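Participant: Residue numbers (our numbering), protein chains in the order written: chain A, -16 to 328; chain B, -16 to 328; chain C, -16 to 328; chain D, -16 to 328.
Just so you know, not all the hints are guaranteed correct.
Heads up, the list lumps identical chains together, so a pair's fine if it works in one copy or across two of them.
[As the list claims (entries may be wrong)] For lysine-lysine, the following DSSO-like pairs were computed, each having C-alpha atoms within a straight-line distance of at most 27 angstroms: (1) K256 x K33; (2) K33 x K244; (3) K256 x K173; (4) K23 x K256; (5) K23 x K262; (6) K158 x K19; (7) K124 x K113.
Keep in mind that the hints were calculated from the coordinates and are not lab data.
Please read these numbers as outputs of a predicted model, since none were measured by experiment.
Protein chains: 4
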Amino acid sequence: MKAAILGISGYTGMVLLRLLSEHPDVDEIIPVSSSKAGDKILSADPGIGKAVMEKTAASDGCMVDMAHAVKRKPDVVLAALPHLASAAFCDPFYGKSVVIDLSADLRIKDHGLFMKAYKTAPPRPEILEKAAYGLCEIYEKEIKSSDVIANPGCYPTCTLLPVLPLAEKGVIQGKIITNALSGISGAGKKATIGNLYVERTENTCAYLPGQTHRHFTEIKKEISSFDSSLELYFTPHLVPLKRGMHAASAVELKSGVSAEKIDAIFAEYYSDKPFIMLKGSALPETRDVWGSNRCDIGWQVQGNMLFLFSVIDNLVKGASGQAVQNMNIRFGLKESAGLKMYGEL
Amino acid sequence: MKAAILGISGYTGMVLLRLLSEHPDVDEIIPVSSSKAGDKILSADPGIGKAVMEKTAASDGCMVDMAHAVKRKPDVVLAALPHLASAAFCDPFYGKSVVIDLSADLRIKDHGLFMKAYKTAPPRPEILEKAAYGLCEIYEKEIKSSDVIANPGCYPTCTLLPVLPLAEKGVIQGKIITNALSGISGAGKKATIGNLYVERTENTCAYLPGQTHRHFTEIKKEISSFDSSLELYFTPHLVPLKRGMHAASAVELKSGVSAEKIDAIFAEYYSDKPFIMLKGSALPETRDVWGSNRCDIGWQVQGNMLFLFSVIDNLVKGASGQAVQNMNIRFGLKESAGLKMYGEL
Amino acid sequence: MKAAILGISGYTGMVLLRLLSEHPDVDEIIPVSSSKAGDKILSADPGIGKAVMEKTAASDGCMVDMAHAVKRKPDVVLAALPHLASAAFCDPFYGKSVVIDLSADLRIKDHGLFMKAYKTAPPRPEILEKAAYGLCEIYEKEIKSSDVIANPGCYPTCTLLPVLPLAEKGVIQGKIITNALSGISGAGKKATIGNLYVERTENTCAYLPGQTHRHFTEIKKEISSFDSSLELYFTPHLVPLKRGMHAASAVELKSGVSAEKIDAIFAEYYSDKPFIMLKGSALPETRDVWGSNRCDIGWQVQGNMLFLFSVIDNLVKGASGQAVQNMNIRFGLKESAGLKMYGEL
Amino acid sequence: MKAAILGISGYTGMVLLRLLSEHPDVDEIIPVSSSKAGDKILSADPGIGKAVMEKTAASDGCMVDMAHAVKRKPDVVLAALPHLASAAFCDPFYGKSVVIDLSADLRIKDHGLFMKAYKTAPPRPEILEKAAYGLCEIYEKEIKSSDVIANPGCYPTCTLLPVLPLAEKGVIQGKIITNALSGISGAGKKATIGNLYVERTENTCAYLPGQTHRHFTEIKKEISSFDSSLELYFTPHLVPLKRGMHAASAVELKSGVSAEKIDAIFAEYYSDKPFIMLKGSALPETRDVWGSNRCDIGWQVQGNMLFLFSVIDNLVKGASGQAVQNMNIRFGLKESAGLKMYGEL
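Start from the sequences, fold in the hints, and give me the full structure.
Facilitator: Have a look at this one:
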């Protein structure tokens, strides 16, 4: 298989490069960087290691431009580009390669909602129309048969995986109050004062609470597609982690729904999923999934209240790892190929 | 003034020592450590600095035992000792010195609730009966006239300061959903695997959610004393901070309560308080109060939902700093004497 | 292949378990823990993931005791046990399995030196006598033909890899002044005050400088075996890293030795080694090798002074990864099997 | 006293603001920011707290421009501005106010050396000529009588304090090999990729080793002024600290110099200095001085080698705190006024 990565200098591009450099089914990596075409990958990213040199022999270990990438005819294109730039940038590949877009451009089919979140119309509405929403454990069937896959955001992935089965089964009601904690890499590799080491270490804060964060819209439309009566309030926080995400949701159970019922629903949906670890009443830690593509889920019932806890590595299951998982599913590979099951110590 | 500190080798004892070593009204510090009496403070705690040597000249810069402390007749005793040991340990001082207890022993007057949280009866019920609850901004009057002050816990301080004025004014209703994030020093200076650097850096998790944490009881009884109809669900988290605490609470406003009304309530209660910084709709960061005795509070109204955010340094306003503030209030000193107003960068 | 891991609850045992759980040539893992035999691995170590469950099916996903391990007749035994306990603990396996000992017990053949470093005689002198020193890039030949391999320490691995080729070629002289920085996991998973998060974050210090650290002896004996005229002063430091090690050495070049000569020596020794990345005058960062089995080496000549810089992940190339590399070499597997080439972002 | 701070939005300016906001002898702070004049300080720097509001009542809690600052006729001007901009920016104040410059502009009197380090001629040679080098413990006499004080860099302060007394007494010889570790705030509040949280946490590296760092020149000229025969090799490192600096130097003792002699020299120079803590053979930790203006020094003799260890808070004793100490000395205030003696836990 030949895989092109668009935008290999950002954090999600760097993780894609790492995962594919050791993926057993990928023979050639086409590393696209418009601004650095011609430069050695290893100079730009000294951590990447020798494996990438072998898989990029076709470009002599160098980054390439789009023209070169198109000529190499990749089987799959993984776009790790900024929101509102990504979908259009992929134009040369639609219809020729499978496109997996890590940006938000193809995630929200309702134009009004897209406009609300991104203050502009969706950039490629005709592509958006047919894109599968690549939340792998929920939309496997759609992913298998789609040539364009919109990779979900990290906050939506972490928040939705515990909530959607319960929404679909109709066992919860009223307001979902979610507090999510994100590692700093979620902000991307952007040189801003707010992302400096000195600003973020020994510091934590909430931001854009309730219904004001862009990802609120993405999360809400998914929940609504299963149960439109549920309300959502979503408050993200920054915590001094390099990588990692933790979501805590509180919601009321419908009358008569038992703790055992919740256990059974999770078992039904997830017990055979390689990357979901069900912990029951034990609470997950972000460290348990650091570097892996897992989502660990724990829950507790107290009276009529249900507390849900889920963790992911925001750069892996929350971005690049899930993109590889989507690639694996779409191409009929082993779902876990090239992805780690264990969390780094 | 002569001040005795009981238990100077734990984190709260160490911070008390630092604050009093530069407090303008404290001339003599009596540094009590049962296990290390006779040892030099500066050897046990190399960070403490030369100021403590001057103020402990009476014991030649050494830690002392209880017998010595009693003989020095301190004006105030600050007890930084473990729960269920502290109140009894202070026996020699009741009636002679003002006692400020940083443990939970004297915080919950209802024996049933105390039993629920600590699995045993309160150790000194007769002292408990007359102890003031030292949440300075709320109970100033009681603190001024009491010789025993129960210094509140860090989670209660951070959670209650934004909630109590609203509870008293009767403008909120139903369930308060609180998610609190604590720095690791909140766990104390105990050699456990769970507190190791390698376990806690690059890691975050929730623990004892809903109504299971000990401090839930302390927080709930305070809220109930103003409005017993309010429910509380409190979920603490560990985040990789050395020091710092962040509380986010979501609650419904009663019908007809405007955002302006909330602003007015906070202004009425707190605008003249030296350590409360009202931020309106801006959200506070823990870094802003690191090392200070401040509590910064921000809030946002969305529809009928109110989101409250508050931050403290868990070792200062959440423990030792508030203890000094209690001392200042009780002895008629300047409320901010010896306490910092700024957060360390 | 069947591999037994002795001591899977410490940090090096945990990393061994992770590496072997995804190693393509290991079919069965025998996870030994004397104190926890019978407990589920996944409960004790929630981060390990589902792959370990498949490879430990023989013990139903549980940890086992030594008797069980002996019965399973492992091809290789990886001992992640404390110094002075490890070599004796491996008694049942000598002569039956290949033993790779991660402790210091079999590293120093000179009894006097061993005694100096560890204050006691070596525990298994007859085994020690025939053990290969498993510094893979230097002793590949010995490793291939030995049934007992003493896996080097992290400080020796990081310090020696840049120094030994130069010592062997006789191009440096006089005093080597080494300053090494270690991540906190180097101290092991021990519940001590000194290893607490609050003690180690925002803190750095040197300890046991010059010729006082145990690993000084291990490093010095290796250097001396190539050039006994060289002196060594080695000062370790603790820095707030979870994982990672950085060594900086300053040494005089012999008269007439050019920078090009140094470049040539490194190229001769290391250009075909999969885990050595030669960076020339660029300086390596610990992040570049985080999670990988690499050692990146940079150097600069200024006048007659040579400055050497090397980085490893102390838990991988400095411990468990090198142990797997030794296993790979010894059993004729691909040297990089089951080991990562890239550093985590 | 009236004190103007030039450049209050950088890290050193922010620390100056904090220190002066609680300094007992400073009544008015004139907070200069060319780009933000007219904005509220508290909005730009929410951590600063209410004390700054009282001391900036003259500008209504707002930042001011240079014209305003000149009109207020400050007694002292503390310039926290970039190298090569600072000295010229202070033009309106020379001869009217005492100027304490935290930049490098006035530190190196030898034009050739300045040119070597900064690639340009010194910007105000006539001011440079008469500026005192504000290393307080060494140049107290010059500081007392000078109206322009060049505040030393953090690396020079930390490296020089242990070395200069030994150089002056002539007890060391040959090469001084210094390895220094710096917290990330040393790089200033600049939005660069290299300073991002994700780049610097869990990462360490050396940079500009030997004789290539700018501060090498500043350190070398000071050492040479006491003993020009000493050589210096200085290798700085970045470690994941917000604040803190650690210097480790190795150097040969001259023949016949005993460990006791070294002890005696340090005692003679520093035992009466409020901010120097002599630790003998105990090794200092950066945490011990975090937030304080201290420099803690430890040392060990092994054979004819001397190992020196010193720690400071790079933003306090390494910048803003030493500037306040210089102000205190120059104006005849208590040397420790407004400066902390203890390290934050």
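Participant: All hints, please: hold or fail.
Facilitator: Comparing the hints with the structure gives:
With identical chains, the CA atoms of K256 and K33 are at most 27 angstroms apart between copies only, with a shortest distance of 10 angstroms across copies and 32 angstroms within one. Proximity of K33 to K244 under the C-alpha cut-off of 27 angstroms is restricted to the inter-copy arrangement: shortest distance 24 angstroms between copies versus 50 angstroms within a copy. Taking the shortest alpha-carbon separations for K256 and K173, neither the intra-copy value of 34 angstroms nor the inter-copy value of 35 angstroms comes in at or below 27 angstroms. For the identical chains of this complex, K23 and K256 are inter-copy neighbours only, at 20 angstroms across copies versus 38 angstroms inside a copy, given an alpha-carbon limit of 27 angstroms.
Proximity of K23 and K262 under a CA criterion of 27 angstroms is satisfied inter-copy only: 14 angstroms between copies versus 44 angstroms inside one chain copy. For a Cα distance limit of 27 angstroms, the shortest separation of K158 from K19 qualifies neither inside one copy, at 48 angstroms, nor across copies, at 43 angstroms. In this homomeric assembly, K124 and K113 come within 27 angstroms of each other (Cα to Cα) only inside a single copy, at 14 angstroms, whereas the closest approach across copies is 58 angstroms.
The structure fails hints 3 and 6 (numbered hints given earlier, in ascending order).
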